[in-house]
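Given the structure of chain A, go ahead and fit chain B onto it with the hints provided.
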Amino acid sequence: MSERVETMEGVATDDLADVIDRLYRRHHRGVFHVALRYGVGDEAWAEDIVQDVFAALMDNLPRLADHEHLDGWLYRVTTNRCLRRLKRDKFLHRGPVRRFLAAQTDREDVLEGQVFARSDLERTRLALAQLPPRERVVVCMCHLDGKSQREVCEALSLSKGYVSKLLARGIARLQEALDD
Amino acid sequence: MTDRTKSAPASGKDAIERLRELDRATRRRGVSAASGDRVRRALRKRAVEQPFFARLRWWPVVGFAAGAAVTAMLVGGVLGPRTGTERDIPRSESLASHEAERETEPQRETEPQRETEPQQASKAASEPLDDPPACSAWQEGPATLDADQCQQGRGLKVSALMPSNFEFGTDIVTLRSGALVFDVQPRADHPLHVVAGGVDIEVVGTRFVVHRQAGEGAVSVLEGHVRVHTSDDVVHDPRVGERLSWPIADPTAVAVPSPRPPKSRFAARAVAGVEASTHDADFAELVEEVAQLRRRGAYRPAITLLRSGLTRGWSLRSRELLSYEIGTILERQLSDVPGACAHWAKHIIGFPKGRYVAMVTRTMGRLGCD
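Protein sequence lines, in the order shown, are assigned to chains A and B. Each step along the first sequence adds one to the number in this note's numbering, with nothing skipped, and position 18 is 18. When you read off a place in the second sequence, starting at 1, and then add 1000, the result is the number in this note's numbering.
So here's chain B without its partners, still in its complex pose:
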């Protein structure tokens, strides 16, 4: 042992350094969405049931007080006739009863407090929970939720698992960074769209978590199901408990050099695959740049960038998303109603069977567009 402790300071640094490395690796592992949801539900259940346990917690105290009162009465009754005169008897009784009163007085004082807990319990169990603020409060532009919630009507509840930057629109939420839990009631006629780094998540009623951080986007389904549309028109359908992730290109990363022209059909197929992934990366890069511009309040350059994206050979779905972003910026950030109306009209012509047509039509009606 002595040898060990003597050698520890010299070589202990190595052990500590390795311990720190292990800790850094552990830190990178976050709480899984399913696990987090399980704990949240358990806590919520316990919070509703807690006053019952709180009542149980008081039983020993009440029992002790009652026992003490009975003992005091008995002792008073036994000692009274020995020590006192006939005149003292009523006095000792009154003392005992006074003592009993004193014993019970604090109880009476605490009675209202104890009564409030069951009242709170029944209130929590029977009455609906206090509504969080409306998400529409953030329709004016990008906003940050930090461990807070917002709600839109009774159908949509958004909770932040970490400081999250997002933008809320009519039936569309754009997550810029962070992690949000969505609790969506069934809405088959107007699905909610969650956009996170070039991926569109279509929701008709479910609970799920969307992450966007450290160059990665991910969706974890807790209940129901969602459809995830990637920029290359591929639709994924993750099941409950599954986590679907996708890379989000880092705009500062070095651009991938374009591949050489294919020499054979096999090579052509291989290059097509590379191009598809390059398109994905380009699209994600553009979306990221637009997000940065929006954060800085540079809405006009953002629109110019988005318009340049419309002329590139991306899929119809990707271009529709870009067009929708342009309209949203014109309408909400720039409050340019004529410009927005003109753009929405072009959008409907350009994407007559697109996913956002219903939303755009409603928006045009709201803005009073011709």
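Here chain A stands alone, though its shape is the one from the complex:
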């Protein structure tokens, strides 16, 4: 922890590029994992998110006075970036937009699917991919990261009732997809 404080205090004197590089090497695995989860295995998608998150960190570095909560900040920003990106992807996948943009929005899911050799994992991956963005994020935050509904509300700026509804609906959808 002392090393982290040292890192953050070094922003004023050290070169920004070096500080960001150091922070990237320290935290990129956690950010990548969260992004890869929401991108349901799409590495290029996750890579874009990682780059976005650390670019945001670079912009906010002087304002991040709370050195001890960089992990929390990164988690929150990563989750929100993923959610925003998922919503954008959903918009791009709508019929008229997809017809308009044609080839650009056709995502090749086959390659990502091949990564999970086991059929049951692949099935779960597809079920997760079918969840609407908010449900996907809320289900993962609550059941994979162990966040309470209150924490989810704060991170995503949603009401508690809505989070509760999203969670129940998401689990039900998942189960339905897996039962089929």
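In short, the hints are calculated from the structure, not lab data. Just to be clear, a hint being listed does not mean it is correct.
Covered by chain B, according to a simulated footprint, are these stretches of chain A (three or more residues, beta-carbon under 8 Å) [what the hints assert, rightly or not]:
1) 50-62
2) 162-175
Straight-line distance between alpha carbons at most 25 Å, and here's what the computed DMTMM-like set of lysine to aspartate or glutamate pairs gives [what the hints assert, rightly or not]:
3) B:K1157 with A:D15
4) B:K1013 with A:D145
5) A:K90 with A:D18
Idealized CB from N, CA, C, for every residue including glycine.
Chain B in isolation, oriented as in the chain A frame:
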């Protein structure tokens, strides 16, 4: 929907469990070396360019402030003659100008801050980056880098991608665990050697990542090329973007039973293949045991173990590596200069055309050996 939500709690556990299993599988997939390098470069580029964008970010604020100042002046100018007397006119002007001053004052206050950003940018762009600490600081023994960097002269930069345990010597780096990025400037006359679990990576100038974790070692080449020498004298030449991996035997694993004597030439060839892989596993096992002993500070038993390896029928290259390890421990960990000198002399006699001869000769010169 009602039915779905009713059935969810009972069977939802299954869905959550499967989701967790998927997450565990996802967690095992790390960032690929090429991808990580791409992001790091993009971030570095952005960090250098950032102050330009920072300047752009201030433009709306400056524009708004200037607009407000002009509006205030205009409003002051219009209202002034109607509401005030002739004596008030200069007062309203002064108020307007004072207001304009007030508008600009915060700007002046923030001016130095804004000026520092471009200054930092030009500084970052024109001046060399702050040098990370010298790697030679770790020459005394095993060390751990945690998301830090070290540099040796201008020719070698080592960055850790995760907490990494390694040992740094003259032209040789031994990775015990973790993942290190090497940025090596061209050095044809004295190549760098990176040792990771029974594999020696020879580098003459390139960028690459070496991993050693979870029973596997791997090298990913980002630029240039490296030569990877395995313990059975096979040389691999991975290209840019390629990842070459090798297993590292788990010392706790059950030993492979020795094969029966061959009955035919075909069987003999097959057994030779098995023996080669067993040799590989044995060698890796010995290296791992030595690493464990070194971590515990048991340097003498480590040397005894390494010496026992010298008498086994391994390849010349493997034995040379073991001999080099013995000399390194004597010199650095035990500070036994006479012992190290004696060993280095034997090393040069035993491996006159070996890869480490130049390094050993330099070391002997440095230690003042006869």
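Here is what the structure says about each hint:
Counting residues of the segment 50-62 of chain A whose C-beta sits closer than 8 Å to any C-beta of chain B gives 6, which meets the bar of three, so the coverage hint holds. Counting residues of the segment 162-175 of chain A whose beta-carbon sits less than 8 Å from any beta-carbon of chain B gives 7, enough to reach three: the coverage restraint holds. For the proposed pair K1157 (chain B) and D15 (chain A), the alpha carbon gap of about 17 Å is at most 25 Å, so the pair holds. Note on K1013 (chain B) and D145 (chain A): the hinted pairing holds, with a Cα-Cα distance of about 16 Å set against a maximum of 25 Å.
A distance of roughly 36 Å separates the Cα atoms of K90 (chain A) and D18 (chain A); the hinted pair therefore is violated under the 25 Å criterion.
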